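Please model the complete structure; the sequences and the hints are all you need to start from.
Chain by chain, the residues run as shown.
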Amino acid sequence: MIKLLHVIAIGALVSSAVYAYSIKYETTLAAEQLQKMRAKTQRERDAIAVLKAEWQFLNRPDRIQTLADRHLDLQAFSATQVVKASEIPNRGPKVDAIGRKLEDLGLGVPTETPKNTKQSGTTPGPMQ
Amino acid sequence: MSQSRENEAAMDEVDGAAEGAPRRGRMAWLRDVFRMSGEKSEPRVGLVILGFSALFIAITARLVLLATLPNEQVGLRRATATATSAARPDIVDRNGEVLATDIRTVSVFAEPRKILDKDEATELLTAVLPDLDAKELREKLGTKKGFVWVQREITPRQQAEVHRLGIPGVGFVPENKRVYPNGTVAAHILGFANIDNVGIAGMEKYIDSQGLQDLNGAGFATESTDLKPLKLSIDLRVQHLVRDELMKGMERFKAIAAAGAILDVNTGEVLGLASLPDFDPNNPVDALEKDRINRMNVGVYEMGSTFKALTIAMALDSGKANINSSYSTAGGMMRFGRQVIKEYHGTGRTLTVPEVFLHSSNMGSIKMALAVGVEGHKAFLKKMMQLDRMTTELPESAAPIVPQRWGEINTATIAFGHGLAVAPIQAMAAVAALVNGGYLMKPTFLKRSEEEAKKTAIRVIKPETSEAMRFIMRLNGEKGSARKADIPGYFVGGKTGTAEKVINGRYAKNKNFTTFTAIAPSDKPKYLFLAIYDEPKGYAESGGYSTAAWNAGVTTGKLIERAAPILGLTPRFDPPPSPFPLMAKLGAWGSR
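Protein chains in written order, with the working numbering: chain D, 1 to 128; chain E, 1 to 592.
Because the hints were derived from the structure by calculation, they are not lab data.
You can take every hint at face value.
Cross-link-like lysine to any residue pairs, in silico, SDA-like; alpha carbons within 25 Å at most: (1) E/K205 x D/A49; (2) E/K177 x D/R38; (3) E/K228 x D/R45; (4) D/K52 x E/E97; (5) D/K40 x E/P156; (6) E/K135 x E/R152; (7) D/K52 x E/N283; (8) D/K24 x D/V14; (9) E/K524 x D/V82; (10) D/K52 x E/K231; (11) D/K84 x E/R562; (12) D/K84 x E/P565; (13) E/K320 x E/V460; (14) D/K52 x E/Q159; (15) E/K231 x D/Q56; (16) D/K52 x E/K228; (17) E/K228 x D/A53.
Because the structure is a prediction, the values reported are computed rather than measured.
Below, the structure is given as structure tokens:
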């Protein structure tokens, strides 16, 4: 009986040691990965900072101005080109151009909608 | 330790010998002690106690050793931490465009104590880094220091080459390098940071004064992502156009220097400020030369006729004059003891207040100032912050040059802008207060809202006086000397100012300092524009004139034309209905 207890105890000890070791190993691995990811994000962040600075460097106003002067045919903005939203005239009444044309052609009479449901798939032409 | 244990053991042995035990050698005695018998337990326990105390003494000694001796690795880290460039927050404009940022670079350092062959290391390093001075490097490596810089901010390629050399005791450390992607555009506002990323001038120095260095010293904030970007009131586009127009103007008018700024009169925010000649903050070798100063903040100048606006506002606000008061300019000159003050644009007539402003009458302004009196004049200018140093976020500032003994003659000359030299930004703050309804606020380079600005603002003149000032400035824009800047659609008002420069204590007739102040739109001003030229020359179209309207005025007009659409000022082509109701009611000159 005591022997069995010993065996169980030793077994428990060994398995707990194995478990503890594996946990520790996994933690180390995870920590290592975390460190790697951190370094990677830092590299990316640094790269973003450099790109941002470069973007601004390429977009600096004096460079844009020189390039625009050289390559574009733009004219200086004049104040008369500004129109307030309220000064834009309202849209005229809605005109049904197609309907008017049909009326002009004498086809203004309402088309006959076919009663037959079998023919519902086709569009009835006015010339029928 | 083992030595002491042996000694102890020897002593035990002596004890054992005293008990009369036969001497048979050490091993036999030990065997005797460990024999399973009761009477031997005492020396056994003694031995165990001895062993454990020796062990603990050893551990304690090691701990003490670790605590007192400096750790090599930790020491190095500390040395690099204090030596490397600290992170700085980004500086962005009011729309979030980057004005200054940090990028990562790598620097090479050496630990002279660890370098075995110093001559060889010097030779190898100078071969890879050609900028290095071999003699200087050899001296540096010869010192007993634990840490010296070999070269700061090297390229990735150089880093790879140095790495390949494989010299023991030479290492790399990542650093932050400050870059200003827009170059010279906002040089005077941004200032610059040195190689250790310590702010030396401008807003960079302001950031440091806000406690950044202490943060770094404590080991925080080594990443710029930890720091919130600093949002300035500057609009990069506006800033650029101010500088661009001043550059063009300086060339056209052959001036030795120029400066200009745009101020939001309701919030006190500076939207753009340039002073030429300037410098490149990325390479600030010439930043500290004398002619590179920020003329808006650090230069003090006699502002000329621009000051007449202050004089008139003072007279109107004190009640000693109203908009319909009139002043005789007959004779065209006034005498103060031995000094004679002449009219520049003499009319010889009796002028009303708006006419005094339009004709820029010296005599009219003098009479108004004298009506208020010397003490009243002084008190008013003090209230308008013209007599004390004005400090903004920029660390550079200059105290105005105030006459030491302020007599009647001083009041007379200061009334038309001579005899008192102030920083242009100071004058701008005052003019902004004259037109925005009477609230004086310190100009700021940080973004803020109108509510925040109103909290710190002081009311200095009545709203009625402010309306009168807007009225006469608009009149001057329409009919007077400020016509050059009257860009249609923006209802511009303005004032020219031409002061003769003082050279060797005398006013030089042919050397002018010209200023132009403009507001837009005059009925409800939003922005104040200022352009300044130092010693502009006449040119063909100006008929040889080098007075303010022909140079600073022209530039201010361009500033308004280009900046207004960016700033969102809507042009109006029909004049606003009754822009100055009070002036119309009083029937002021020019209101009909």
